[in-house]
Every structure is written in C-alpha cells, then in structure tokens.
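Chains A and B are the protein sequences, given in the same order. Per UniProt numbering, the first sequence starts with residue 1, numbered consecutively. Per UniProt numbering, the second sequence starts with residue 1, numbered consecutively.
Note that these hints are calculated values from the structure, not bench results. Just to be clear, a hint being listed does not mean it is correct.
In silico lysine-lysine, DSS-like type, Cα no more than 30 Å apart, as pairs [said to hold, decoys possible]:
#1 A:LYS177 with A:LYS57
#2 B:LYS269 with B:LYS192
#3 B:LYS107 with B:LYS141
#4 A:LYS57 with B:LYS141
#5 A:LYS17 with A:LYS28
#6 B:LYS317 with A:LYS307
#7 B:LYS180 with B:LYS239
#8 B:LYS269 with A:LYS57
#9 B:LYS238 with A:LYS57
#10 A:LYS175 with A:LYS28
#11 B:LYS337 with B:LYS141
#12 B:LYS238 with B:LYS141
With the C-beta cut set under 8 Å, the calculated list includes, among others, these residues of chain B facing chain A [to be verified]:
#13 ASP210
#14 PHE211
#15 PHE213
#16 GLY215
#17 VAL268
#18 LEU270
#19 ILE272
#20 LEU373
#21 SER384
Over the 10 Å line for every Cβ pair with chain A, so calculated as not near, a few chain B residues [claimed, not checked]:
#22 THR131
#23 LEU255
#24 GLU295
#25 GLY349
#26 PRO351
#27 LYS360
#28 SER361
#29 LEU381
#30 SER382
#31 ASP388
Positions of the beta carbon are idealized from the N, C-alpha and C atoms, including for glycine.
Here are the chains, one letter per residue:
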Amino acid sequence: MPDVQALVNDFVIKLKKRKIEGSLATAKHTAELLRSVISHQRIPYTNQAAALIDAVKAVGEQLIAANPVELAVGNIVRRVLHIIREEDLSLTTASIAGLSLSAVSDDEDDSEKDDHPALSAAAVAAAARSTLRPPSLQTLLEDVPNQASVHQTSSSGGDSEGKSKSADKSSRSRKLKHDVIEAVNELIQDIATCHEQIAEQAVEHIHQNEVILTLGSSRTVLEFLCAAKEKKRSFRVFVAEGAPRYQGHLLAKELVTRGLQTTLITDSAVFAMISRVNMVIVGAHAVMANGGVMAPVGLNMVALAAKRHAVPFVVLAGSHKLCPLYPHNPEVLLNELRSPSELLDFGEFSDCMDFGSKTGSPLLHVVNPTFDYVPPSLVSLFITDTGGHNSSYMYRLIADYYSADDLVIKKRPSTGS
Amino acid sequence: MWWRSASFILDKQQTEGVSKQPETLSISPPVDESSMADTFQNPNPKISAYYQSRASHTAVVTSDWLAQAQAAVGFPTDEQLLSEADVRDSESGKPFCVIDEFNNWRKQPDLAEAVAAIRSLAAVIRSSQATTMMELEIELKKASDSLKSWDTTSISLTAGCDLFMRYVTRTSALEYEDFKSAKSRLIERAEKFGEISCKARRIIAMLSQDFIFDGCTILVHGFSRVVMEVLRLAAQNKKLFRVFCTEGRPDRTGLRLSNELAKLDVPVKLLIDSAVAYTMDEVDMVLVGADGVVESGGIINMMGTYQIALVAHSMNKPMYVAAESYKFARLYPLDQKDMAPALRPIDFGVPIPSKVEVEKSARDYTPPQYLTLLFTDLGVLSPSVVSDELIQLYL
Chain A
1 MPDVQALVND FVIKLKKRKI EGSLATAKHT AELLRSVISH QRIPYTNQAA ALIDAVKAVG
61 EQLIAANPVE LAVGNIVRRV LHIIREEDLS LTTASIAGLS LSAVSDDEDD SEKDDHPALS
121 AAAVAAAARS TLRPPSLQTL LEDVPNQASV HQTSSSGGDS EGKSKSADKS SRSRKLKHDV
181 IEAVNELIQD IATCHEQIAE QAVEHIHQNE VILTLGSSRT VLEFLCAAKE KKRSFRVFVA
241 EGAPRYQGHL LAKELVTRGL QTTLITDSAV FAMISRVNMV IVGAHAVMAN GGVMAPVGLN
301 MVALAAKRHA VPFVVLAGSH KLCPLYPHNP EVLLNELRSP SELLDFGEFS DCMDFGSKTG
361 SPLLHVVNPT FDYVPPSLVS LFITDTGGHN SSYMYRLIAD YYSADDLVIK KRPSTGS
Chain B
1 MWWRSASFIL DKQQTEGVSK QPETLSISPP VDESSMADTF QNPNPKISAY YQSRASHTAV
61 VTSDWLAQAQ AAVGFPTDEQ LLSEADVRDS ESGKPFCVID EFNNWRKQPD LAEAVAAIRS
121 LAAVIRSSQA TTMMELEIEL KKASDSLKSW DTTSISLTAG CDLFMRYVTR TSALEYEDFK
181 SAKSRLIERA EKFGEISCKA RRIIAMLSQD FIFDGCTILV HGFSRVVMEV LRLAAQNKKL
241 FRVFCTEGRP DRTGLRLSNE LAKLDVPVKL LIDSAVAYTM DEVDMVLVGA DGVVESGGII
301 NMMGTYQIAL VAHSMNKPMY VAAESYKFAR LYPLDQKDMA PALRPIDFGV PIPSKVEVEK
361 SARDYTPPQY LTLLFTDLGV LSPSVVSDEL IQLYL
C-alpha cells in the first residue's frame, strides 16, 4: 500500500509544518486518512480486527508524533480504534448467536468456551461485551479476560478448519471492513455537522436582550450566535479581539454582516465589561478528561472574570474535541509557542533581540503561547453535539466514545494500561 | 506493623498477650527516652517545657492501639465477644465461625480487609451444607451480617461483604450452572479476589505515574499500602521526587511510611501533623489513601485528612486519593459526625483529669469538593464518578 503511505507522509508533513491547523480541519483530515488506510489494508483470515487495529495504530502514532499539540488527531485515531472494536464485537456476537442456533459446536470462538463448556452462547456474548466496557465495580468479581479483547474475540472462525467455511469467512472479513468504513464515514459526517447540532441548542441558552461575551473567533460560536439570531432572538455580543492574532475582528465583521448588535473590545477590557455580561460563550481547542479546557490564549482570564462576577461560562465543543487524556502541566506540555512576528513587526526591536550583543543572548524575549488551560471548576457548562453537560460529566462521554485500551497509542503497548 | 482496624489488635492481644509494646517502640524514632523523662521532671530552661513534655509524650509509645481496640469494640470487650461467638457457634451447631476465619485472614499484613472478608465468606460457602442456591444465599447473608456487625468501624469490611453478596445474588455467570459448579465457582472467585486486590494496587500505581513528575514534592498522610505502592513504583521508575510524611498521631503510621521510603532512597521529611499548613507552599500535590470512598465521592480516612484537604484547597494544591475500587462504600455522610463512631483513646502521657473531654475519633470525612482526582483500579476518576459507579452496581 505505497499510495497510502504517501498520503500519510503528506499529512504528517502538513501537520509538522502547521499547514493544517485547528481541531476541525485536523480531525476531518485524520478521519479521512484513516478511512483510506482501512480500505487499503489487506485483511488476513485470522485476527481481522487486530490487523486493522495495528494498522490504524501504526499510522496514528506517526500522526500524533507529528503534532502532539493538535489533540484532535489523537482523539480521532482513538475514536476509529473504538469503532473497529465495536464493529468486530457486534459481528462476533452475531456470529456466535447464529452458530449456537444451528447447534454446531465447531468453533472455539472464545477461550472461555474451553474453560467453561457449560456456558451458553449468551454468557459468552455477555463476557465478550464486558471486555469492551470500561472497567467498573460490576466486573471486578466477574472474570473478565485481561488480555486485549481483540485477540480473543477476533480469533473467531480462525481456528476452525473446514473449507466449507472459507466463503463465509471472507464474506465476514469483507463485512467487518465494510462496517468499519461505514462507521468511519458516519464519524466524518458527525465532525462536519457538529456545528449545526450545537447551534440547534442556541435558543435554549440565549435569551432576549441578553449580552454575550466571547473572545477570539470560533466557527462554532459564530454558528451558535447566528442560529439564535435566526430564531428571532435579539441580543448584543461583546467580542474581545483576541490579541495577538486579532481573530475577534473577523468574528465581529462576520456578526455584523449577519445583522447582530456587536461591540468590539480589547482583551484588557474584559474585566471592565464583564459586569454587564449575562453569559460568556467561547469555543475550545480541546476538552480534557477532567473537564479542563485547552482554549485560545486569554480565555483563562475571561473565565476568572466570569467566575468573579458569577457569569455563566459556557464552552462549545464538538465531540471530536473530547480528549481522553488528563492534562499534566498543560500550560507547557500542551501549548505551542508561536512566532514573535505576531507581536512585533520585523526589525522593530532588532537591536535588543540581537544574539550578537555583549552577553550573547538577547535582552528581549518574546513569548507567544497559543493556548490557555481553563480548569474545570471555572466552566459552568459544556455544550457538545449531544447536549449540555457539566464538566464532571465529561468522563461519561469519554467512556462512550473511547475504549480504555486505546488511551496509550503505541504499536506494542509494553506498559499496557 | 500497622493494622487497618483496631479490632485486630484486640485479637492479637488475646493470642499474644501484651507483647505489642517492643514492636511499636521499634517504629518510633531513636529518641533518648530517659533523658526526655528527665527533662519532663526538671524542664530545660532553653526549650519550652510545654512542647518538650509533649514531645516526650509522643516519643514514648504506649499501647494506645490496644486501648483503642477496646474502645472501638465497645467496653466489656473480650468476654462478651467470646461468649457472643460461642453463642453463635452453639446456635448454628457448627464448629465454624466466620469471625474467627476473618480474624485469621486479617492477621496477614499484606491482605486488605475486603479480601479477608471475602475469603472468610468463601470459607462459609466451603463449610456450608446448603443444597440450593437460596439456602446458600441466606447462609451467606447471615455470615456477612454478623461480620459487618462485629466490626462496624471497618468500611472495607462492609464494602467487601456487600460486593461479594452482590456477586452471589445478581451475577449472571451463575445462572447457567448446577449448584455444585456454581458453588465451586464462587469459591474460586473469592480465592482469586486476593489477586484482584494486589492487581488493583499495581494498576493504581501505574495509572498514577503520569501525575508524579520530576522534582515534585508530595505530601502524604498516614500509612497506606496503595500510596506506598505508588511511591515505590515511582522510585523504581527513577522519578526524582521528595516526600513529606506527616507523623500521623496517635498511632504514628507516618513514621512507618518514612522508614519504608528511606529504604527506597527517596528523600523524605517527617512533619508533625500540625506543620501541614506551614509546609504546604513547598508541596506540589497531596496524596492520601482512603479507608473508604463514599457515595458522594468524598473519602473517609485517618484523622487529619480533612484538614490537610482544606489547607491544600485553600492553597490550590491538587489533592489526590489512591484507593482500590472495592473500598467504594454505600455511605453518604452528611458531616463529620454522621458516621459510626470509631474511637480510640489517645495517650497523652500524663493523666488527663476526668473532667477533660478527649476527642477520640480515629477518622474523618473529607467532602468531595476538596478532592481533585481519585486514582482507582477503574481508572483515574473525578469524585463525581464514584457515585455513578456505585449506582450502576447497586441500583
């Protein structure tokens, strides 16, 4: 599959050079790339799901390494892995059910079968299902196989001899691939339409004559505000300009063209204006597992101001921004320092930034971080495409979207988790 | 040695007499006690006599655990207990007694309370003459109730019994089998639970490694096997960190932890319990174990945890809890006093006048808003997830 490798390399280079930025674009590209990886992957007779997972993991590792700050890439890789596991499981349970109906015990589908021959198909299916579930108290005493679920469930049909079954097998392998691609297509669709689903909820949150504050520019926020406007709500929007990239200017322009009352303020005026504001609505770069938010720089300040004045701080985030990792030192490790040219014009401070001066190091440093970390306690509400959630509820969404085995993406998980 | 619950000591006392004293002495720091006693008599003018006498009191380890044990069980302890057990024995007409079984298991230092509880319930199954699942269930229920009422202060014991009972009554894995195999399966699962418990500690240690970064300072309170495991693994992973141990009065479990950590070559500093706020600005995170994790997501732990949590919260330091998931208990304490009292007398070294009241509670409740995250074998959870898990299990 040289063409796929070329695609991967191409995307890796784009990520490295920051040609593709923003969680939406990267998420979409990642999903599309993984779809082509899956469709080009040759599937062996045995361990079909494992082969797919290995292929996706191998690619995923490269992509994540290319730009670790762009968390959406890792999220999508994990989502796709979860999809593969789920599809495989549903196929396995279906096939077990079918086999037991015909009363043939010709397969050694699961290792549990050997241990407990008395177990019926339903019990096996239940056990297999429990392997996908996140660990819970419920499963603490029940014997869940500890090894990766893939090897157990995906070996179905592999051990059995018999030529008569090969036709069935190949159809099954094609079916798995087909189902997975179908599901990934759905995922791509979801990513593309997440704005609309979030915007649909706008009227529930924005009321007549309210004052909304936002910082910088986010497409989700724009659509959200416009959706409320379309539903004949009249309200005012304060836009903080979002230095140093001044994307707030673009948002303000866009809002004005859509006929919304807009006020542009500097970032430093947020505290001055916050007492008049009814609600802060912002977009996010990523939402971490503890409910903390990686957001454009300046938002922590806004969140603190909102907290101080008891103004609800609402974060809009599509589900592709949900990251199952916990932030460790996020201000440094998950941040990106951009070029100083956004702050200073070329040559402006050239004398103090000169490396050739006496001490050998420049006197003036320019630090231009891209992101802020907003701790979960400052966020009042998350609005995702599935509805509004509290920050303490994020773990549940994450349990729905990701499987616990995929949190660490390495080809050979030596540590395992 | 440290013991999770007071009642163990009671048994130890029954079996071994008061041979506890030298052992406890060995954990105490090498303080010249005779000189302390001297200074108590004639106070050194350079040192405050008040604090000096306090130091001397704490350095002399008395059998306070012993006394605590008696207080925890209630007053007329030994005889009543024994007779109670006898009565139960004669009633059931069997030589087997759950509580004795439990106490035997409890004596193993590395065995968690819940494991001991489940093993003793397994012993009930083994010795039971029931012929139907229903009979067995009733018998188990009786046994677990008597275990629970025997030591109401041990949360892990209650949680372990509940967990196993739930497994017996509700699990689907038993529905397909005949009685014999179901019985053996139950026993097998119970035996395996010890492994599960050890595995849980390893998982917790692994999960929490990400949170311990190079150069960090960790404050720990009391002795917890899970916390020890976490720190041990971090030391093995060549992380560079420093540990502050509180003393953990009155049973001084912090001393033991500091000894163990010193063996691992981890830089460790001992604090008196009241120095927590003083040192908090140097601390990067607080890591404690838990006797029990309650439904609100808060924890019940050794006395002093709550105040550490309050200090950490006010200084914006993360407070992490390491606890195995079988410590999740179906309790919902509303405040500090809303728990079964777990008392232990505290030895102040000097006779306390009978008019002076002493706060003897051995544990406190830390509400969930002061906890940052819980490291459990189910994953790294925020406090609100705990109630979710418990509801899923018992609803």
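We went through each hint and held it up to the structure:
1. A:LYS177 with A:LYS57: OK: LYS177 of chain A and LYS57 of chain A at ~16 Å, within 30 Å.
2. B:LYS269 with B:LYS192: Status violated; Cα separation ~38 Å.
3. B:LYS107 with B:LYS141: holds, 24 Å
4. A:LYS57 with B:LYS141: With a Cα-Cα distance of about 48 Å, the restraint between LYS57 of chain A and LYS141 of chain B is violated, given a limit of 30 Å.
5. A:LYS17 with A:LYS28: Satisfied, since the Cα-Cα distance of roughly 18 Å is no more than 30 Å.
6. B:LYS317 with A:LYS307: holds, 19 Å
7. B:LYS180 with B:LYS239: violated, 50 Å
8. B:LYS269 with A:LYS57: violated, 44 Å
9. B:LYS238 with A:LYS57: holds, 28 Å
10. A:LYS175 with A:LYS28: Roughly 24 Å between the alpha carbons, so the hint for LYS175 of chain A and LYS28 of chain A holds.
11. B:LYS337 with B:LYS141: Holds, because 28 Å separates the two Cα atoms, which is no more than 30 Å.
12. B:LYS238 with B:LYS141: Status violated; Cα separation ~47 Å.
13. ASP210: It holds, given that the least Cβ distance between ASP210 of chain B and chain A is near 6 Å, below 8 Å.
14. PHE211: holds, 7 Å
15. PHE213: Hint on PHE213 of chain B: holds, closest Cβ of chain A at ~7 Å, below 8 Å.
16. GLY215: violated, 11 Å
17. VAL268: Interface hint status for VAL268 of chain B: violated (23 Å vs cutoff 8 Å).
18. LEU270: violated, 28 Å
19. ILE272: violated, 31 Å
20. LEU373: holds, 7 Å
21. SER384: holds, 4 Å
22. THR131: holds, 19 Å
23. LEU255: Non-interface label on LEU255 of chain B holds, nearest chain A Cβ at 31 Å vs cutoff 10 Å.
24. GLU295: GLU295 of chain B clear of chain A: closest Cβ-Cβ about 12 Å, beyond 10 Å.
25. GLY349: holds, 44 Å
26. PRO351: Correct as stated: the minimum Cβ-Cβ distance to chain A is 48 Å, above 10 Å.
27. LYS360: LYS360 of chain B clear of chain A: closest Cβ-Cβ about 33 Å, beyond 10 Å.
28. SER361: holds, 28 Å
29. LEU381: Nearest chain A Cβ is 7 Å from LEU381 of chain B, so the label is violated.
30. SER382: It is violated; SER382 of chain B is separated from chain A by about 5 Å at its closest Cβ, not greater than 10 Å.
31. ASP388: violated, 7 Å
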